[in-house]
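Novice: Sequence:
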Amino acid sequence: MPELPEVETVRQTLLQLVRNKTIERVSVHWGNIIKRPQDPNEFKRLLEGQTILDIERKGKFMIFNMNDLSLVSHLRMEGKFGVFDASEEKPKHTHVIFHFDDGTDLRYDDVRKFGTMHVFEKGEELKEKPLKQLGPDPFEDAFSLEYFHEKLQRTSRNIKSVLLDQAVVAGLGNIYVDEALFKARVHPERLANTLTKDEAERVRTASVDIINEAIRQGGSTIRSYINSQGQIGMFQQQLKVYGKENTGCPQCGTEITKLKVGGRGTHICPQCQS
DNA sequence: CTCAGTACCTGGTTGC
DNA sequence: TGCAACCAGGTACTGA
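Under our numbering, think of the first position of the first sequence as 939, with each following residue one higher.
Hints should not be assumed to be uniformly reliable.
[Unchecked claim] Distance windows between CB atoms, simulated:
| hint | residue 1 | residue 2 | range |
| --- | --- | --- | --- |
| 1 | E980 | E1193 | 51 to 57 Å |
| 2 | E986 | R1123 | 50 to 56 Å |
| 3 | T960 | E994 | 16 to 22 Å |
| 4 | K1060 | Q1167 | 25 to 31 Å |
| 5 | Q1175 | K1028 | 31 to 37 Å |
[To be verified] Taking lysine-lysine pairs in the DSSO-like style, the calculated list, with each CA pair at most 27 Å apart, reads:
| hint | residue 1 | residue 2 |
| --- | --- | --- |
| 6 | K1060 | K982 |
| 7 | K1060 | K1070 |
| 8 | K973 | K1065 |
| 9 | K973 | K1070 |
| 10 | K1178 | K1198 |
| 11 | K1051 | K1070 |
| 12 | K1121 | K1135 |
| 13 | K1051 | K1067 |
| 14 | K1135 | K1198 |
| 15 | K1198 | K1121 |
| 16 | K1067 | K1089 |
| 17 | K959 | K1060 |
| 18 | K982 | K1067 |
| 19 | K982 | K1070 |
| 20 | K982 | K1028 |
| 21 | K982 | K1051 |
| 22 | K1196 | K1182 |
| 23 | K973 | K1067 |
| 24 | K1028 | K1051 |
If you're looking for bench data, these hints aren't it; they were derived computationally from the structure. The model shown is predicted, which means the values in this text are computed figures rather than measured ones. We treat Cβ as the ideally placed atom computed from N, Cα and C, and that holds for glycine.
All chains should be modelled from the sequences, with the hints used to inform the complete structure.
Specialist: Written as structure tokens, this is what we have:
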């Protein structure tokens, strides 16, 4: 489901609901979600008694800061967090429940079971996978033209695959890459090392603009995304090419077409993007 | 090292 | 209507 704007919206809405709550007990109904420590029982034991002090985000990962530990969570395709009264029935796809000492639960729901959770000693999370390998977020100073152009020069992959590579820039996914490349007027199959510096700058600034505007609008709801207060996003109304195949390009009227790039469904205006 | 292909899962949609 | 094939906001692992 979520790319950076959706994760950021979940972070903000969820923080209001769980800040300063203390975990009394954890239940795990699908152990494969838990990646570190490997044993879910150990995971449960570690988190007992911890208080959620803050939630940060890096790329598409959320980082729950607690007294002694950091919980790193990735929602992958369909993960959701919500806070419920402990008396409410457990839905079918709830896999991890953090029971607070005030009678409420933080529940992790994930139809496809792709999401991940890692627990680290506080401060260690950035030194190890999965956070260690992430590149900068799009709006960080480190995502400069020099940095980005250099990365593009060093690979012969297509530009779409490079933008999806979280080690280059963290947070872009299939929707926002298609939108950014449309805005930058660059074809997704262009080989990265053939982009001019001007094209690289167009792609870079388009990516930053799209992500910032999508955050402002609470993300995009295409099929299932909702934030932690149960609200859908609004940015899907601004999408120009993603999911718009067989409609007219808003710039030139040419029909938007869908193709596969790097195994992912990809939407372009064949006239505007070359 | 880089890269394409595949695996991980469930459910909605499409096409015969 | 039934059912198989394909598709989905993602990433880790494999082997060439």
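Novice: Against the structure, test the hints numbered earlier, and report the numbers of the ones violated in rising order.
Specialist: none
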